[in-house]
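Number of protein chains: 2
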Amino acid sequence: MKKAAVGIDIGGTSTIMGIVDTDGNCLYKKDIVTSEGKELNEFLRLLSDLIDEGTSFLNEEYRIAGIGIGAPNGNSKSGNIEFAPNLPWKGVLPVVEKFRGIRQERIILANDANAAAIGEMVYGGAKGMGDFLVITLGTGLGSGFVSNGRLITGHDGLAGELGHVTVNRNGRMCGCGRRGCLETYVSAKGIKRTLFKLLGHFPDIQSDLRSVSFENLEPPMITKAAEDGDKLAQMAFEYTGGLLGRKLADIVAITSPSAIFLMGGLANAGDLIISPAKKSMEINLLKVFKNKIEILPSSLKENPGVLGAAALVWGYNSC
Amino acid sequence: MKKAAVGIDIGGTSTIMGIVDTDGNCLYKKDIVTSEGKELNEFLRLLSDLIDEGTSFLNEEYRIAGIGIGAPNGNSKSGNIEFAPNLPWKGVLPVVEKFRGIRQERIILANDANAAAIGEMVYGGAKGMGDFLVITLGTGLGSGFVSNGRLITGHDGLAGELGHVTVNRNGRMCGCGRRGCLETYVSAKGIKRTLFKLLGHFPDIQSDLRSVSFENLEPPMITKAAEDGDKLAQMAFEYTGGLLGRKLADIVAITSPSAIFLMGGLANAGDLIISPAKKSMEINLLKVFKNKIEILPSSLKENPGVLGAAALVWGYNSC
Numbered sequence: 001m002k003k004a005a006v007g008i009d010i011g012g013t014s015t016i017m018g019i020v021d022t023d024g025n026c027l028y029k030k031d032i033v034t035s036e037g038k039e040l041n042e043f044l045r046l047l048s049d050l051i052d053e054g055t056s057f058l059n060e061e062y063r064i065a066g067i068g069i070g071a072p073n074g075n076s077k078s079g080n081i082e083f084a085p086n087l088p089w090k091g092v093l094p095v096v097e098k099f100r101g102i103r104q105e106r107i108i109l110a111n112d113a114n115a116a117a118i119g120e121m122v123y124g125g126a127k128g129m130g131d132f133l134v135i136t137l138g139t140g141l142g143s144g145f146v147s148n149g150r151l152i153t154g155h156d157g158l159a160g161e162l163g164h165v166t167v168n169r170n171g172r173m174c175g176c177g178r179r180g181c182l183e184t185y186v187s188a189k190g191i192k193r194t195l196f197k198l199l200g201h202f203p204d205i206q207s208d209l210r211s212v213s214f215e216n217l218e219p220p221m222i223t224k225a226a227e228d229g230d231k232l233a234q235m236a237f238e239y240t241g242g243l244l245g246r247k248l249a250d251i252v253a254i255t256s257p258s259a260i261f262l263m264g265g266l267a268n269a270g271d272l273i274i275s276p277a278k279k280s281m282e283i284n285l286l287k288v289f290k291n292k293i294e295i296l297p298s299s300l301k302e303n304p305g306v307l308g309a310a311a312l313v314w315g316y317n318s319c
Numbered sequence: 001m002k003k004a005a006v007g008i009d010i011g012g013t014s015t016i017m018g019i020v021d022t023d024g025n026c027l028y029k030k031d032i033v034t035s036e037g038k039e040l041n042e043f044l045r046l047l048s049d050l051i052d053e054g055t056s057f058l059n060e061e062y063r064i065a066g067i068g069i070g071a072p073n074g075n076s077k078s079g080n081i082e083f084a085p086n087l088p089w090k091g092v093l094p095v096v097e098k099f100r101g102i103r104q105e106r107i108i109l110a111n112d113a114n115a116a117a118i119g120e121m122v123y124g125g126a127k128g129m130g131d132f133l134v135i136t137l138g139t140g141l142g143s144g145f146v147s148n149g150r151l152i153t154g155h156d157g158l159a160g161e162l163g164h165v166t167v168n169r170n171g172r173m174c175g176c177g178r179r180g181c182l183e184t185y186v187s188a189k190g191i192k193r194t195l196f197k198l199l200g201h202f203p204d205i206q207s208d209l210r211s212v213s214f215e216n217l218e219p220p221m222i223t224k225a226a227e228d229g230d231k232l233a234q235m236a237f238e239y240t241g242g243l244l245g246r247k248l249a250d251i252v253a254i255t256s257p258s259a260i261f262l263m264g265g266l267a268n269a270g271d272l273i274i275s276p277a278k279k280s281m282e283i284n285l286l287k288v289f290k291n292k293i294e295i296l297p298s299s300l301k302e303n304p305g306v307l308g309a310a311a312l313v314w315g316y317n318s319c
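Protein sequence lines correspond, in order, to chains X and H. Just so we're aligned, residue 1 is where the first sequence starts under my numbering, counting upward by one. Just so we're aligned, residue 1 is where the second sequence starts under my numbering, counting upward by one.
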């Protein structure tokens, strides 16, 4: 019997359950609408049913080695999801404890960016790396740091909040209540804010995006425009990547990773974001770190959330 | 037979060899002038002789479990001291390899700030902590980060350069060739620069330090003046601690330590530096980290360099 891991990717809208083998092949996958579980208990029972469906589909060929869960604000130390603003259930959710009441398998919870880092280490481009970081560029900016082959979780499980280091003390308002956090610049929402500031600042530069309202602009439209030669969209990427690179130079001085992986919507812009980030990082790096560190797109293209969650079963706390 | 560790603290001026038991008692200690060893080989032979002297002094009561070496620019991964500007020998020095040629014991090298962190974990206030950091405030600013009970060394052994994260892109010139590094503000040299800028900026505020030249001012004089109520000296500490606290808020978001220890000359100013640092850190922290993290003076008061080096034998790579 071969081994497989269950990976559960909990999101604000939908939750995906997948069964993944040790090579990163997704053998079975099914999703549910997250709010279908009116209460946490009901949601976990729905997930448990999905797992049973999956294992019976796979017949007796695979043994489930464990269940990994990636969730916004998932805390690997406490086993709780803590105050996740975009989930239907509020407060502190003792996910691991409750799930243990209905499942026999080993259960590991982590926040989604930390799961992404372990996914990259187990199945992706960070295979064999002991020191690297993964940055998820979604609506916000998440991050997972790996040092000595283990996640940096901090004493309370809350480490890895790169989105909330300060770029500019008097800068943009952040959802966290402070000003100038990195994610107010470097994220899908951040580049959209930048583009609109540029539209206002350079009224004479022609751009197709002038016909789109703030409400209607989706970040992939900025990527598309930049690829098509739109000057302002290109400037927005230069600015965003430049700020990211500057902060990465600070991060490198602290953790000296061998590579930095970018994942998520904005990362799909590829060189549009990576090239200015790399250039700005190199300019700002301390000499001993120059020309050593790669910024790479994640190599987990399909089901990154499920792969990351499943990878927790193999890779969390591996030394 | 009880176990003890040799700790060697290599400095630009003098090098101290100590034999330390598992409780942190220094059983034997002797120093030499570092430049007495004209070449690295000669220096290591002198150290080897000191170790033999020490072990024969201790008779057969103790068995030496290993030799730890703390040195500026000591790289734990390569075992080399790499381009240390203040040592008599230049370039890459294969200390561990050469020392292995003349000693039978296990040998571990680390940079001095990393050794300080392990010293704090094994013998000091960080005993039992898995996640913390130690900041050494000497001429410059060094740091050692511990996560999951292990040093963050990075892929190349060069991690922990908190002194070279950027506070102000257009700020003070740093010895590293860049501008605005944290250590140009928060270090013995940094606070001296701040004091002289304040002397120039507020010519009407009375201060005893107006009679001292830049060349003659030693940082402990600023501490003494601040303790005696000198307004400008107190402002210099407020400014220095404030900047440190702001950067610590960023660091906490990344590594979430349970405590931050300050060590070295400037740290001896105690609350003069800790109090504004703590205040500024709390103001700038992301909400989930507030009121959880202590900034503490190191509890290694005597021989911190030797204790840190010796601690490498017990604490390096302990999981």
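Simulated from the structure, these hints should not be mistaken for laboratory data. Warning: the hint list may mix true and false statements.
Identical chains share a label here; the pair holds if one copy fits it or two copies do between them.
Using 20 Å as the maximum straight-line C-alpha spacing, the simulated EDC-like pairs for lysine to aspartate or glutamate come out as follows [claimed, not checked]: (1) K287 / D271; (2) K292 / D156; (3) K2 / D228; (4) K290 / E82; (5) K292 / E82; (6) K192 / D228; (7) K127 / E61; (8) K290 / D156; (9) K29 / D230; (10) K98 / E227; (11) K287 / D156; (12) K2 / E215; (13) K3 / E105; (14) K127 / E105; (15) K301 / D52; (16) K29 / E238.
Hint check results:
In this assembly of identical chains, K287 and D271 lie within 20 Å of each other by CA distance neither inside one copy nor across copies; the values are 24 Å within and 34 Å between. Taking the closest pair of Cα atoms, K292 and D156 come within 20 Å of each other only across two copies (10 Å); inside a single copy the shortest separation is 32 Å, beyond that limit. Taking CA atoms no more than 20 Å apart as the test, K2 paired with D228 passes in neither setting, with 48 Å inside one copy and 73 Å between copies. Taking CA atoms no more than 20 Å apart as the test, K290 paired with E82 passes between copies only; the shortest distance there is 15 Å, against 38 Å inside one copy.
For the identical chains of this complex, K292 and E82 are inter-copy neighbours only, at 16 Å across copies versus 37 Å inside a copy, given an alpha-carbon limit of 20 Å. Within a single copy, K192 and D228 get their C-alpha atoms as close as 17 Å, which meets the 20 Å cut-off; across copies the closest is 53 Å, which misses it. In this assembly of identical chains, K127 and E61 lie within 20 Å of each other by CA distance neither inside one copy nor across copies; the values are 26 Å within and 47 Å between. Proximity of K290 and D156 under a CA criterion of 20 Å is satisfied inter-copy only: 12 Å between copies versus 33 Å inside one chain copy.
Within a single copy, K29 and D230 get their C-alpha atoms no closer than 39 Å, and across copies no closer than 69 Å, so neither meets the 20 Å cut-off. Taking the shortest alpha-carbon separations for K98 and E227, neither the intra-copy value of 47 Å nor the inter-copy value of 55 Å comes in at or below 20 Å. Within a single copy, K287 and D156 get their C-alpha atoms only as close as 34 Å, which misses the 20 Å cut-off; across copies the closest is 14 Å, which meets it. For the identical chains of this complex, K2 and E215 are neighbours neither inside a copy (49 Å) nor across copies (72 Å), given an alpha-carbon limit of 20 Å.
Proximity of K3 to E105 under the C-alpha cut-off of 20 Å is restricted to the intra-copy arrangement: shortest distance 13 Å within a copy versus 43 Å between copies. In this homomeric assembly, K127 and E105 never come within 20 Å of each other (Cα to Cα): the closest approach is 25 Å inside a single copy and 34 Å across copies. Taking the shortest alpha-carbon separations for K301 and D52, neither the intra-copy value of 26 Å nor the inter-copy value of 59 Å comes in at or below 20 Å. Neither within a single protomer nor between protomers do K29 and E238 lie at most 20 Å apart by alpha-carbon distance, with minima of 38 Å and 57 Å respectively.
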